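Q: With the hints as extra help, turn the sequences into a complete structure.
Line by line, the protein sequences give chains F and U. In this text, residue positions in the first sequence follow the numbering used here: the first is 1, and each later residue adds one. In this text, residue positions in the second sequence follow the numbering used here: the first is 1, and each later residue adds one.
Don't read these hints as lab results, they were simulated from the structure. These figures come from a predicted structure and were not determined experimentally. From the three backbone atoms N, C-alpha and C, an ideal C-beta is built for every residue, glycine too. There may be inaccurate statements among the hints.
Pairwise CB distance ranges, derived in the manner of DEER restraints [claimed, not checked]:
| # | chain 1 | residue 1 | chain 2 | residue 2 | range |
| --- | --- | --- | --- | --- | --- |
| 1 | U | Met23 | F | Glu588 | 37 to 45 Å |
| 2 | U | Gln513 | F | Gln42 | 42 to 50 Å |
| 3 | U | Leu410 | F | Arg317 | 37 to 45 Å |
| 4 | F | Leu36 | U | Pro293 | 26 to 34 Å |
| 5 | F | Trp511 | U | Leu48 | 28 to 36 Å |
| 6 | F | Gly467 | U | Gln513 | 47 to 55 Å |
| 7 | U | Leu428 | F | Trp511 | 41 to 49 Å |
| 8 | U | Ile593 | F | Lys320 | 25 to 33 Å |
| 9 | F | Leu232 | U | Asp568 | 20 to 28 Å |
| 10 | F | Lys574 | U | Lys227 | 51 to 59 Å |
| 11 | F | Lys320 | U | Arg452 | 17 to 25 Å |
Listing some non-contacts, in silico: residues in chain U with all C-beta distances to chain F over 10 Å [claimed, not checked]:
| # | residue |
| --- | --- |
| 12 | Arg41 |
| 13 | Arg145 |
| 14 | Thr223 |
| 15 | Gln260 |
| 16 | Ser273 |
| 17 | Glu385 |
| 18 | Gly418 |
| 19 | Gln478 |
| 20 | Leu534 |
| 21 | Ala590 |
| 22 | Glu594 |
2 protein chains.
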Amino acid sequence: MGNVVAHLLLTNSMTDPAPYSIMSRLTQYLPIIGWLRTYSRQDFNDDLFAGIITAILLVPQGIAYSILAGLPPELGLYASILPPTLYALFGTSRTLSVGPVSIAAIMIASALSAPEISALGNPVQSTVILSAESGLIMLLMALLRMGGLVNFISHPVLTGFTSGASLLIIANQLPQLAGLKSPSCGLNAACYSTYVQGFNVATLGIALAALSVLILFGKPLTTLLKKIGLSLSIVTAISKCAPLLTVLFGTLAVSYFNLQSQHHVAVVGQVPSGFPLLSLNFIDGEQWRLLLPSAAFIALIAYVESVAIAKVTANLRGEKIAPNQELIALGASNLAAALSGGMPVAGGFSRTMVNFAAGAKTQMAMLIAAGLLSVAVMFFTPWFEKIPKAVLAAIILMAIMPLLRLKDILHTWRYDCGDGIAEVMTLLGVLVFGIEEGISLGIILTIASHLRKSSQPHIAVVGRIPGTEHFRNIKRHQVETWQDLLLLRIDESITFTNIVYIEEYLTAELWRQPNIKHVVLIFTSVSDIDTTALEALENINRALQATGKTLNIAEAKGPVMDKLQKTDFVEQLKPGKVFFRSADAVKELAGAIEPRLLLGIKE
Amino acid sequence: MGNVVAHLLLTNSMTDPAPYSIMSRLTQYLPIIGWLRTYSRQDFNDDLFAGIITAILLVPQGIAYSILAGLPPELGLYASILPPTLYALFGTSRTLSVGPVSIAAIMIASALSAPEISALGNPVQSTVILSAESGLIMLLMALLRMGGLVNFISHPVLTGFTSGASLLIIANQLPQLAGLKSPSCGLNAACYSTYVQGFNVATLGIALAALSVLILFGKPLTTLLKKIGLSLSIVTAISKCAPLLTVLFGTLAVSYFNLQSQHHVAVVGQVPSGFPLLSLNFIDGEQWRLLLPSAAFIALIAYVESVAIAKVTANLRGEKIAPNQELIALGASNLAAALSGGMPVAGGFSRTMVNFAAGAKTQMAMLIAAGLLSVAVMFFTPWFEKIPKAVLAAIILMAIMPLLRLKDILHTWRYDCGDGIAEVMTLLGVLVFGIEEGISLGIILTIASHLRKSSQPHIAVVGRIPGTEHFRNIKRHQVETWQDLLLLRIDESITFTNIVYIEEYLTAELWRQPNIKHVVLIFTSVSDIDTTALEALENINRALQATGKTLNIAEAKGPVMDKLQKTDFVEQLKPGKVFFRSADAVKELAGAIEPRLLLGIKE
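A: So, in structure tokens, the structure goes:
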């Protein structure tokens with residue numbers, strides 16, 4: 001027994017290899033200390049470059065995503081300053097770019113459009129409350145060490161959800177390319193004919209120009225620049241300037257040709273100048289209760305998506321993400337967003353990829369980007385006023401495309417039909433019932449299908465390999481069996497989900513072999529028997545005894561026997577017994593009876 | 001491959017051993033044909049006796065349970081005639097006594113007390129709709145072959161629920177012993193002092209007398225009669241007449257001493273005479289939608305409890321219950337209850353036990369009981385008018401006691417702490433939040449705890465037993481290992497619930513043994529890899545390759561390989577490989593390196 005305890009201790013210490021010194025503890029909660037200690041001049045050069053590139057992307061994204069959420073542009077900009085700074089202190093990913101993201105933006109839009117919330121007429125305040133609530137929920141989850149809970153959101157559900165949300169965003173942004181709003185006509189044809197009269201040629205022209213630049217700066221330009229022989233990070237830098245360039249040219253076009261007043265091209269409008277004021281005035285009333293469910297879903301998705309993205313880049317460099325610490329970091333970031341009047345934040349997929357590809361070594365890159373953003377907010381907001389909304393719509397559309405993984409759905413379907421169904425149902429759920437309903441549906445479906453699968457454990461009738469004490473599946477090996485002995489190996493823990501299947505399997509086997517006198521259940525793979533299963537085993541034993549048969553157990557593990565010994569199950573089994581090894585059971589129960597040799601079928 | 005197919009066919013035919021002749025098919029859907037074919041004179045004698053005893057119990061129970069549900073007494077009586085007759089035709093249990101039951105009664109009371117329903121002021125019609133809806137729900141479940149779904153209600157949840165509902169019934173009935181109604185005072189002390197003034201000495205006297213008779217006719221009398229040497233069925237018969245006797249004496253006392261008018265002893269009141277009219281007038285409006293959730297819970301509990309009780313008696317005689325056919329039988333019974341103006345029905349625990357103990361051989365006993373009940377309804381209803389309610393309360397209290405299994409909860413807690421928590425939470429949920437909320441809470445808790453457990457699969461680092469090709473757990477056996485080779489056996493299917501645990505286990509192991517060059521995952525017990533797990537394995541492979549290690553697979557089963565071959569996973573593994581046997585992997589990867597012998601620790 002002493003050895004077992006020693007081993008358990010060894011096993012535990014294995015998962016936490018670092019000794020708990022004060023320093024390592026501090027590093028655990030403030031990972032920035034970890035990388036600052038070995039930070040070099042070269043690291044800074046790399047981070048400076050990546051930080052500038054990411055900042056160039058953050059400005060148009062911040063404005064675009066707040067407009068996508070139906071908010072004034074400054075909420076996205078404010079969310080790009082303090083939140084990534086907080087994440088840099090607490091986060092375990094070195095390259096994750098925290099800030100406004102498209103999926104959270106569409107979730108905010110959906111929350112704000114609920115009748116009770118839109119009736120309040122204060123979307124900015126509601127958004128700040130959403131930030132605060134999601135932050136608090138994440139910190140609460142961290143406190144309860146619930147980081148592992150998100151493992152129960154399967155990838156198909158996540159992909160289905162992301163694709164569904166992306167489709168919603170595309171449907172929302174496409175009309176904006178032509179200066180139209182999202183239609184709200186339903187099935188009214190007359191309404192649509194009025195609607196399309198809002199069509200604006202100048203806007204469409206700007207949008208198409210922006211789209212062309214964005215597409216050309218993608219694959220065509222990078223291929224060309226690589227051929228010329230430029231280094232990868234320079235190529236990335238140039239190609240990632242496309243959003244800023246389109247914004248710049250769009251703004252210049254609007255100003256120069258006076259498109260806003262002459263051709264009714266919609267623009268961003270005035271953005272307040274100066275640093276966001278830290279404020280606590282969002283602590284206010286009834287809205288908190290109304291917004292709580294939406295905040296919970298935003299927190300869940302923000303956390304799951306961020307960790308997923310963080311893991312991708314961490315894997316590429318052999319770094320490690322600590323899920324529970326991520327909850328703390330993202331929770332702090334969202335609280336910081338609330339304090340500085342920003343929208344909820346998460347790790348952005350495209351931005352993180354840009355940051356990584358531009359050569360970011362640590363979160364210093366994001367600190368630099370946040371610094372540049374605060375300069376922009378202080379001095380350059382008048383420049384943002386004339387940015388045409390159509391250009392932002394084009395930027396959003398290009399950024400959302402990689403998230404629309406319809407091909408993945410096809411792959412999933414081909415690989416695992418059940419997962420494919422869950423994925424499609426989640427996607428349709430998001431489109432038909434709404435964002436939160438869709439993801440709930442997906443989670444319920446995957447758990448139900450998982451339970452259904454686990455209710456059919458693998459069971460094997462086994463026999464002895466001649467001349468040995470090894471027992472193997474009679475379907476796969478040439479083994480000896482005895483005509484009044486049924487050896488059944490159950491390859492999973494016995495619980496309420498699978499005991500009925502096991503019972504039916506046993507009944508069918510006894511029907512097929514009515515001469516069986518002794519049933520031996522081999523428990524090599526059974527690590528637990530729950531209450532329901534125990535009661536069912538007692539019933540099975542009674543039924544067997546009533547027909548003159550015995551139930552026996554072999555190879556039960558220590559913990560299982562410990563549990564059984566708390567009950568009188570072993571007593572009830574008599575004359576059935578508990579055997580240490582299957583070979584012992586055969587020796588005693590088969591007695592002098594000659595085995596017969598089964599011609600096994602090898603798979 | 002041909003052999004595999006042949007084997008699959010064999011395996012399938014095993015679970016359905018009977019050939020599908022028309023007769024066997026008919027017997028499957030009308031089990032009555034099965035037992036009528038071999039029905040004997042002796043069987044009839046036994047059934048006649050048991051039928052009379054059960055009928056004697058059914059009359060007071062029928063009246064008592066409808067009063068418990070807050071309904072006129074005839075709804076329980078009507079539910080005791082047509083429903084058991086239908087069950088006799090379709091049911092697979094030979095001794096289950098279908099009719100009104102206490103748990104369903106308290107669920108009906110709870111459904112009727114909902115504000116929207118009680119506002120309608122027509123509890124009788126609402127009850128008949130509940131019967132119809134539960135019947136239809138059961139038939140729908142049968143059609144969808146959802147009989148297996150109830151396996152996901154674990155015994156602890158069922159016990160916790162039954163005990164909680166029993167406590168509610170006791171709290172509801174205890175005041176009635178003293179002529180009081182259930183208090184509705186909340187925390188208002190003044191209200192209570194008015195309330196207790198309703199206290200009625202005469203009622204309490206009758207109730208205590210009834211309780212004494214019921215208790216004396218229980219264990220004390222049966223022990224005595226057995227000592228005298230009477231046969232077991234006669235003893236049962238005498239002891240089970242106690243409810244009828246108390247009703248008889250109670251009624252006589254009320255009539256003779258004029259207790260009703262002189263001492264305000266509450267009585268049952270007028271019961272309409274004659275056979276219930278078959279009616280379809282319950283097909284009516286909005287109520288159907290409002291009552292649907294309650295009907296679903298009643299259907300669920302009625303089905304689960306009935307099957308559980310049917311299994312207990314079937315096990316004792318080596319008979320078999322077909323869950324899906326039970327859904328048909330109970331669905332038909334509840335529809336019959338609706339058609340004949342009765343309350344929802346299920347298999348009753350105490351009544352079935354009485355029926356069984358009195359020697360019932362087949363459902364003929366219940367057909368006889370139903371016949372006697374219809375005679376009672378036609379000719380004897382005037383006799384029911386003066387039955388004191390306090391006597392019925394005493395009968396309910398005595399019948400409910402065996403369902404209050406607080407001792408079981410203690411046992412469960414000691415055997416399996418998680419199950420114990422689920423049980424207590426279900427009980428508390430029923431008491432604090434309500435019947436439907438309690439059972440929902442219990443189901444969610446057990447599924448969550450099941451998922452948590454299944455997210456930590458058994459994983460073993462294995463080595464080779466010297467001189468063999470067998471690989472075993474290094475913690476349990478003396479085995480050979482190789483310093484740059486990690487052999488990891490995963491003892492469960494790899495899915496989204498456990499892949500993160502597996503990943504963390506592998507990471508910790510690699511941290512402990514940084515010299516490892518090749519990781520071999522042994523898939524002997526892996527029967528499925530879902531999409532989430534596959535993506536994670538691809539990431540693990542990428543991370544290993546980034547640090548110059550390889551990922552390899554050994555002993556993958558046919559279906560798993562078939563699935564993997566649909567993807568390019570095997571291609572991605574290169575230079576890692578898929579090996580047929582673990583021994584092949586060692587031969588190729590360890591090469592000429594000498595193994596070291598680990599001193600295994602035997603548990």
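Q: Indicate, hint by hint, whether the structure satisfies it.
A: Structure-based check of all given hints:
1. A C-beta distance of roughly 44 Å is found between Met23 of chain U and Glu588 of chain F, which places it inside the suggested range of 37 to 45 Å.
2. At about 32 Å, the CB distance of Gln513 of chain U to Gln42 of chain F disagrees with the hint of 42 to 50 Å.
3. The hinted range of 37 to 45 Å is not satisfied by Leu410 of chain U and Arg317 of chain F, whose Cβ atoms lie roughly 54 Å apart.
4. Leu36 of chain F and Pro293 of chain U have their C-beta atoms about 58 Å apart, which leaves the hinted 26 to 34 Å range violated.
5. Between Trp511 of chain F and Leu48 of chain U, the C-beta spacing of about 33 Å keeps the proposed range 28 to 36 Å intact.
6. For the hinted restraint 47 to 55 Å between Gly467 of chain F and Gln513 of chain U, the CB-CB distance of approximately 37 Å leaves it violated.
7. For the pair Leu428 of chain U and Trp511 of chain F, the supplied restraint of 41 to 49 Å holds, since their beta-carbon distance comes to about 43 Å.
8. Here the CB-CB span from Ile593 of chain U to Lys320 of chain F is close to 29 Å, well matched to the stated 25 to 33 Å.
9. Checked against the hint of 20 to 28 Å, the pair Leu232 of chain F and Asp568 of chain U passes, with Cβ atoms roughly 25 Å apart.
10. The hinted window of 51 to 59 Å between Lys574 of chain F and Lys227 of chain U is violated, with their beta carbons roughly 29 Å apart.
11. Hint check: Lys320 of chain F to Arg452 of chain U, Cβ distance near 23 Å, so the stated range 17 to 25 Å holds.
12. Every CB of chain F is more than 10 Å from the CB of Arg41 of chain U (nearest about 25 Å), matching its label as outside the interface.
13. Distance to chain F confirms Arg145 of chain U as a non-interface residue, since its nearest Cβ pair spans about 12 Å, more than 10 Å.
14. Every CB of chain F is more than 10 Å from the CB of Thr223 of chain U (nearest about 24 Å), matching its label as outside the interface.
15. Once the 10 Å rule is applied to beta carbons, Gln260 of chain U is consistent with being away from chain F; the minimum gap is 47 Å.
16. Distance check for Ser273 of chain U against chain F: the nearest CB is about 44 Å away, which clears 10 Å, and the non-interface claim stands.
17. At the 10 Å boundary, the C-beta of Glu385 of chain U stays outside the reach of chain F, the nearest C-beta of that chain being 44 Å off.
18. For Gly418 of chain U, the non-interface assignment is contradicted: its Cβ lies about 8 Å from the closest Cβ of chain F, within the 10 Å cut-off.
19. For Gln478 of chain U, the non-interface assignment is confirmed: its Cβ lies about 13 Å from the closest Cβ of chain F, beyond the 10 Å cut-off.
20. Distance check on Leu534 of chain U: its Cβ comes as close as 7 Å (rounded) to a Cβ of chain F, failing to clear the 10 Å threshold; non-interface status is violated.
21. The Cβ of Ala590 of chain U lies farther than 10 Å from every Cβ of chain F, with a closest approach of about 23 Å, so its non-interface assignment holds.
22. Every CB of chain F is more than 10 Å from the CB of Glu594 of chain U (nearest about 25 Å), matching its label as outside the interface.
Checked against the numbered hints given earlier, this structure breaks hints 2, 3, 4, 6, 10, 18, 20; the rest are met.
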